[in-house]
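Colleague: So the chains spell out like this:
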Amino acid sequence: MTAYEAAQSLQRREVSSQQLVKAVYERIEAVEPAVRGFITVLEQEKALAAASRADELLEKGQAPSPLTGIPMALKDNLCTSGIPTTCASRMLSDYRPPYDAFVAAKLQAAGTVLVGKTNMDEFAMGSSTENSAFHITLNPWDGERVPGGSSGGSAAVVAAGEAFFALGSDTGGSIRQPASLCGVVGLKPTYGNVSRYGLIAFASSLDQIGPLTRDVRDAALVLDIIAGHDARDSTSVPREKEHYADYLGKEVKGFKVALPVECFGEGLEKEIKDVVMQAVGKCAGLGVQMTEASVPSTKYALPAYYLVAPAEASSNLARYDGVQYGLSVRDEENLLSLYWSTRKQGFGAEVKRRIMLGTYALSSGYYDAYYLKALKMRTLIREEFVKLFKDHDFIVTPTSPTVAFKIGEQKDDPLTMYLNDIYTVTANLAGFPAISIPCGFVEGMPVGLQVIGRPFDEGRMLQFCYCLEDLLGIKGRLATIDIKEGK
Amino acid sequence: MKVNKKDVEHVAALARLTFSSEELELYTEQFNDILDYINRLNEVDLENVEPTSHVQPLKNVLREDCAITSSTDLREAVLREAPAAEHGYFKVPPVIE
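So the protein lines, in turn, are chains A and B.
Residue 120 in the numbering used here is what sits at position 120 of the first sequence, and the numbering runs on without skipping anything.
Residue 59 in the numbering used here is what sits at position 59 of the second sequence, and the numbering runs on without skipping anything.
To be clear, the hints were calculated from the coordinates, so they are not data collected in a lab.
One or more of the hints may lead you astray.
Stretches of chain B that chain A covers, calculated by requiring three or more beta carbons in the stretch to come under 8 Å of a beta carbon on chain A [what the hints assert, rightly or not]:
id, stretch
1, 28 to 40
2, 56 to 68
3, 77 to 86
We put the CB at the ideal spot given by N, CA and C, even for glycine.
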């Protein structure tokens with residue numbers, strides 16, 4: 001059942017929000033040992049209290065949003081007042097924020113019901129959720145495989161039916177790649193469309209918050225709630241409020257789609273390519289024009305990303321010094337040892353690696369050779385895409401070069417792990433919106449198709465994906481997910 | 001351009017991180033692999049390209065220059081998360097000998 005379908009039942013009063021919450025908690029109890037998608041599951045009484053408030057509003061016909069009463073989950077890097085927000089790091093394992101993130105407050109005001117905070121790679125750095133300081137998360141489709149990352153917990157709990165939808169954050173593909181690997185929809189909005197206030201920062205010029213949902217309609221409904229200007233995020237763009245759900249069901253005839261040859265060549269598994277191309281082939285039936293295109297600069301997107309993101313991270317994570325909040329190791333009474341001991345114990349290996357890489361790229365003597373070069377590359381990439389968007393509405397690529405890989409398979413090889421982001425980082429570097437939707441299966445594992453759109457063109461992007469999803473006819477299979485027993 | 005163990009140690013000091021000798025060796029090796037990959041950027045002529053640090057055309061987003069009164073409740077809520085606090089301030093080890 002999608003969030004929309006559940007909401008329809010709620011609005012007809014066939015079911016109450018409290019009943020939905022109880023059903024979700026039963027599901028969590030049954031499958032969570034085989035998924036481990038949550039870091040924190042809220043006490044059921046708390047969720048039921050929120051559900052009862054939603055029920056009252058629904059009863060009076062005063063529901064503040066189309067998703068009032070729907071149980072949902074938030075990635076654990078989104079601040080929730082008084083509720084642990086750990087970033088899956090020992091650094092913040094006891095941290096309880098004194099405030100709500102913009103998106104958390106928006107979802108609360110919309111009457112949705114928070115059931116838990118989801119697992120992730122520590123500080124959102126990773127593509128498998130294996131970098132969580134607490135535990136790994138298992139892919140609901142196959143418990144021996146990773147769910148992707150860094151929003152792996154959010155993708156897994158939505159795929160496993162432990163929440164109707166979840167929010168994640170996407171710096172280089174962290175919403176879209178796990179969505180692809182878990183067979184759900186994952187949307188990264190245009191940079192500046194959703195406020196980052198209360199999102200624990202990784203790379204500020206790339207981070208965006210977005211939904212992971214069971215279908216395209218749900219993604220539109222969630223985006224309707226969380227998008228909008230917020231003065232507390234200086235990069236939030238003031239613009240007129242859009243109604244994304246209104247785009248769904250409109251005709252897509254005449255849309256022009258580009259297929260960059262660079263994203264269908266070397267490095268892409270043949271089976272994945274076949275499934276994606278099959279899906280693409282079906283678009284012809286929609287009256288959509290498909291043409292091959294070339295964006296040579298995409299080849300350099302990943303190297304540029306792995307300079308820009310670590311550089312910004314090294315600066316953002318300088319705040320974890322044991323002074324204001326989080327872990328503080330004070331074994332010797334001097335300031336430098338406070339920094340050193342706290343950061344040594346608080347950060348995991350991948351976080352340290354990225355801080356180091358970023359510090360190196362920004363350090364005196366290397367700034368021009370690395371960081372500045374990456375920023376220039378960013379300009380070239382953006383220009384090439386802007387040019388392509390002059391004659392095309394969307395760009396379609398695979399979301400990930402592989403299906404979900406085995407747990408432990410890439411853990412010790414950082415560079416191989418980084419290659420997971422090869423098709424997704426471009427949208428972050430350029431600030432464009434991008435979405436991953438399930439488009440088929442390889443050996444029983446879900447495959448995702450990525451659609452990249454023009455800045456602030458999420459409406460038409462969702463319109464296109466809604467038609468495509470309908471045409472692909474695999475939406476039904478998502479609801480039949482069954483957790484294998486005993487894993 | 002290869003980095004050696006000493007370079008990595010220097011970067012660690014800048015980043016306020018400490019590593020064991022084995023960790024330094026592993027990081028040096030991984031660093032060189034990653035930098036090899038990143039050095040592909042040298043294939044591109046970027047001489048006359050302007051850098052992009054931010055994708056939105058927003059510049060100098062300013063708020064009104066006026067004082068906002070904060071509540072003592074808020075201060076207390078913030079300090080509740082502090083590892084050590086005294087008299088309404090964060091407490092740190094001695095900075096001046």
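Colleague: Hints first: check each against the structure and report whether it holds.
Modeller: Results for each hint:
1. 28 to 40: holds (count 8)
2. 56 to 68: holds (count 4)
3. 77 to 86: Coverage by chain A holds for the stretch 77 to 86 of chain B (7 residues, Cβ < 8 Å).
The earlier numbered hints are all upheld by this structure, with none contradicted.
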